[in-house]
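Add chain B to chain A, keeping to what the hints say.
Number of protein chains: 2
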Amino acid sequence: MLADAGIVLTPQERAGIEVADFGLGSLDEIGLQVVVYVNTERVCAKELVLFPGQVCPEHRHPPVAGEPGKEETFRCRTGTVHLHVEGHDELVLGPGEQFTIMPDTLHWFQAGDEGAVVSEFSTRSRDETDVFTDPRIVR
Amino acid sequence: MLADAGIVLTPQERAGIEVADFGLGSLDEIGLQVVVYVNTERVCAKELVLFPGQVCPEHRHPPVAGEPGKEETFRCRTGTVHLHVEGHDELVLGPGEQFTIMPDTLHWFQAGDEGAVVSEFSTRSRDETDVFTDPRIVR
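The listed protein sequences derive, respectively, from chains A and B. The opening residue of the first sequence carries number 3 in our numbering; numbering runs sequentially from there. The opening residue of the second sequence carries number 3 in our numbering; numbering runs sequentially from there.
So here's chain A without its partners, still in its complex pose (with noise of 0.2 Å):
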């Protein structure tokens, strides 16, 4: 699906694909798959890939050590994405679309039928802290 976006990894990337099924496992309806570019102390982007219907479920980033949380854009390159933002109506992004997410705000997302690919540039990547409303979950 990257290649077919026109997006060209290194063999590491290529490696080092994350695949996050969030503990439930059920990877084909909850999850994601990640390529992390950068992430330093202040710039992170990635691109995600989710394949058709597949859902990366609700969550937040909050605050950390007294810094805002993680606030992050995302850009439909390939397919659809259905976007939830608590405080918005459904937003539906096709390729060239995009929407920033404030911090500490819940969302979630899902792929439409032919999946997606989707850039995400944001502040620094902590995953260890994001807090899912889904208990069961672990990131």
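Quick caveat, the hints were computed from the structure, so don't treat them as lab data. Be careful, since some hints might not be right.
One copy or any two copies: either way a pair holds, since identical chains are not told apart in the list.
Below, simulated SDA-like cross-link-like pairs (lysine to any residue); rule was C-alpha separation at most 25 Å, straight line [unchecked claim]: (1) K48 with D115; (2) K48 with G8; (3) K48 with G27; (4) K48 with R126.
For chain B alone, coordinates are given in the frame of chain A:
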């Protein structure tokens, strides 16, 4: 070049592509074409397009208002970019290769013979505070 790289823009983004000649009036040699996806207080993401051999001239991003200067990661998507960073040997980045430039570090870059499309992931862009080595340059 963006379309050839598989990158989809909205009509507004297409209409708003920034063409920077740095006030020197020789765009084909010294210049840069820029699509800004997002530029908040904390995060910025752009696509940079360089014509064959085109140069982005030497500059640095100094501290502003008590904050460290802009930190930026350049990731080559298509073509080749020759990156010159203070304190480093010349870097040649091909598709999928990237480099992170820390704040207040002099750098310049030039596209190879096919031009280049380069993604930039950074902290906030404040172009008006950039410091160029060539005193004729007005950003």
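Structure versus earlier hints - violations, ascending order = Nothing - there is no hint that the structure violates, so all of them hold.
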